[in-house]
Amino acid sequence: MRGFSLRHGLLAVLTLLTLGVLPAAALPQSYSVIFADWTIIDQQNRNLGFLNFFEVSTDAPGADGELHPSAGYFTSVADLDVRVRNLNREAYDFDVSFSSRSSGEVTDGRLLVSLTGSNPNVLHGSLELDGRFKLISLVRKQPGQTGRQVASNEVDALDSPGFGVSGPAYRLRGVPEGGRLIVRSTPDRSGASVASLDVFATEIAVLECTPNIDPVQFQNASKDVKRRLLAGTWCQIQTPAPTSKVGYVLGRYLDPMAKP
1 MRGFSLRHGL
11 LAVLTLLTLG
21 VLPAAALPQS
31 YSVIFADWTI
41 IDQQNRNLGF
51 LNFFEVSTDA
61 PGADGELHPS
71 AGYFTSVADL
81 DVRVRNLNRE
91 AYDFDVSFSS
101 RSSGEVTDGR
111 LLVSLTGSNP
121 NVLHGSLELD
131 GRFKLISLVR
141 KQPGQTGRQV
151 ASNEVDALDS
161 PGFGVSGPAY
171 RLRGVPEGGR
181 LIVRSTPDRS
191 GASVASLDVF
201 ATEIAVLECT
211 PNIDPVQFQN
221 ASKDVKRRLL
231 AGTWCQIQTP
241 APTSKVGYVL
251 GRYLDPMAKP
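Quick note: the sequence shown uses the numbering used here, first residue 1, plus one each step.
Be careful, since some hints might not be right.
[Stated by the list, open to error] Each computed SDA-like pair below joins lysine to any residue, with the alpha-carbon atoms no more than 25 angstroms apart:
1) Lys-245 to Glu-128
2) Lys-245 to Gly-72
3) Lys-245 to Leu-229
4) Lys-245 to Ala-221
5) Lys-141 to Glu-55
6) Lys-223 to Leu-207
7) Lys-223 to Val-175
8) Lys-141 to Asn-212
9) Lys-141 to Asp-64
10) Lys-245 to Ala-205
11) Lys-141 to Glu-128
12) Lys-245 to Ala-201
13) Lys-223 to Leu-135
14) Lys-141 to Asp-81
15) Lys-245 to Leu-172
16) Lys-141 to Gly-65
17) Lys-141 to Val-33
18) Lys-245 to Arg-184
19) Lys-245 to Gly-191
20) Lys-141 to Gly-131
21) Lys-245 to Pro-256
22) Lys-223 to Asn-86
23) Lys-245 to Met-257
24) Lys-141 to Asp-255
25) Lys-223 to Pro-242
26) Lys-245 to Asp-42
27) Lys-245 to Ser-190
28) Lys-245 to Asn-212
29) Lys-223 to Glu-90
30) Lys-223 to Lys-141
31) Lys-141 to Asn-45
32) Lys-245 to Arg-46
[Said to hold, decoys possible] Derived Cβ-Cβ restraints for the label pairs, each shown as a range:
33) Phe-35 to Glu-177: 50 to 56 angstroms
34) Asn-86 to Ala-192: 38 to 44 angstroms
35) Arg-101 to Asn-212: 25 to 31 angstroms
36) Val-194 to Val-56: 43 to 49 angstroms
37) Gly-72 to Gly-191: 19 to 25 angstroms
38) Lys-223 to Ser-103: 40 to 46 angstroms
39) Glu-105 to Thr-243: 37 to 43 angstroms
40) Gly-178 to Asp-108: 27 to 33 angstroms
Hint data in this document are derived by calculation from the structure and do not stem from the laboratory.
Note that the structure is a prediction, hence the values are computed from the model and not measured.
Beta carbons are placed, not taken as given, at the ideal position from N, Cα and C, and that holds for glycine.
Could you build the full structure based on these sequences and the hints that come with them?
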């Protein structure tokens, strides 16, 4: 009976964590690892801006920072205001407001930061604005280190597990034997062919899907649920090396590969 109670008690705690309603006193203390200045790096090792995470109260972090035009969202620097949406043991989930310094335009977005990596000085995640997801790494600034020095380091978000739909590598499923899946230039059947994949293709990287798939929901889903979430989308993919191409395929043909 004692084992039964303990097991169900742990399940209740995990449920509350997932829903983001765990009492403040019971929140994991590991969130304090994020209290630092971070440089935002993309998959091409470009410096996209910075974030400063600080303690707002004893139970939640806050953050501000800026996003550079190199991020591709704005033509000038945009100031960031970050607010907590959800904290749990695997990820931080934030609402973000982007305020363009040139136009004053304010746009809302979302920032997800995964805690599943082994290096506390490099956190991986995604940044979303207007339905466009960008895979990013947050690299902790060391004392006296400039943003240029951080960007010159070799930081590749694909070296560590991603988060959400970008996390696993994919293989194909449901493609007729002997057939090939066309990779298109746009997320519709009228898009031009940019590549094709045979039925045995593996190590396919998914960059984003349209409509968006909630990263936290996808991360916590079973394989069958992940397949159902993918089934109603077009996904932007990167085909395997050495002839890597970027284009779109129907999500129902993608199957998350088992994690090692």
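Outcome of the hint check:
1. Lys-245 to Glu-128: Distance ~23 angstroms between Lys-245 and Glu-128 Cα, so the pair holds.
2. Lys-245 to Gly-72: With a Cα-Cα distance of about 20 angstroms, the restraint between Lys-245 and Gly-72 holds, given a limit of 25 angstroms.
3. Lys-245 to Leu-229: holds (24 angstroms)
4. Lys-245 to Ala-221: violated (28 angstroms)
5. Lys-141 to Glu-55: holds (17 angstroms)
6. Lys-223 to Leu-207: holds (18 angstroms)
7. Lys-223 to Val-175: holds (18 angstroms)
8. Lys-141 to Asn-212: violated (31 angstroms)
9. Lys-141 to Asp-64: Satisfied, since the Cα-Cα distance of roughly 15 angstroms is no more than 25 angstroms.
10. Lys-245 to Ala-205: holds (10 angstroms)
11. Lys-141 to Glu-128: holds (23 angstroms)
12. Lys-245 to Ala-201: holds (13 angstroms)
13. Lys-223 to Leu-135: holds (22 angstroms)
14. Lys-141 to Asp-81: Measuring from Cα to Cα gives roughly 20 angstroms; hence the hint holds.
15. Lys-245 to Leu-172: holds (16 angstroms)
16. Lys-141 to Gly-65: holds (13 angstroms)
17. Lys-141 to Val-33: holds (13 angstroms)
18. Lys-245 to Arg-184: holds (10 angstroms)
19. Lys-245 to Gly-191: holds (15 angstroms)
20. Lys-141 to Gly-131: violated (29 angstroms)
21. Lys-245 to Pro-256: Given that 25 angstroms is the threshold and the Cα spacing comes to 19 angstroms, the pair holds.
22. Lys-223 to Asn-86: Judged against 25 angstroms, a Cα distance of about 23 angstroms means the pair holds.
23. Lys-245 to Met-257: holds (20 angstroms)
24. Lys-141 to Asp-255: Judged against 25 angstroms, a Cα distance of about 37 angstroms means the pair is violated.
25. Lys-223 to Pro-242: violated (28 angstroms)
26. Lys-245 to Asp-42: holds (18 angstroms)
27. Lys-245 to Ser-190: OK: Lys-245 and Ser-190 at ~18 angstroms, within 25 angstroms.
28. Lys-245 to Asn-212: Roughly 21 angstroms between the alpha carbons, so the hint for Lys-245 and Asn-212 holds.
29. Lys-223 to Glu-90: The hint holds at about 18 angstroms.
30. Lys-223 to Lys-141: violated (37 angstroms)
31. Lys-141 to Asn-45: Holds, at roughly 15 angstroms.
32. Lys-245 to Arg-46: Holds, at roughly 20 angstroms.
33. Phe-35 to Glu-177: 50 to 56 angstroms: At roughly 54 angstroms between Cβ atoms, Glu-177 and Phe-35 fall inside 50 to 56 angstroms, so the hint holds.
34. Asn-86 to Ala-192: 38 to 44 angstroms: holds (40 angstroms)
35. Arg-101 to Asn-212: 25 to 31 angstroms: holds (27 angstroms)
36. Val-194 to Val-56: 43 to 49 angstroms: Given range 43 to 49 angstroms: holds, Cβ gap about 46 angstroms.
37. Gly-72 to Gly-191: 19 to 25 angstroms: Roughly 21 angstroms apart at Cβ, these two residues keep to the hinted range, so it holds.
38. Lys-223 to Ser-103: 40 to 46 angstroms: holds (44 angstroms)
39. Glu-105 to Thr-243: 37 to 43 angstroms: Cβ of Glu-105 to Cβ of Thr-243: about 39 angstroms, so the range 37 to 43 angstroms holds.
40. Gly-178 to Asp-108: 27 to 33 angstroms: Check failed, 47 angstroms falls outside 27 to 33 angstroms.
In this structure, the earlier hints numbered 4, 8, 20, 24, 25, 30, 40 are contradicted, and the remaining ones agree with it.
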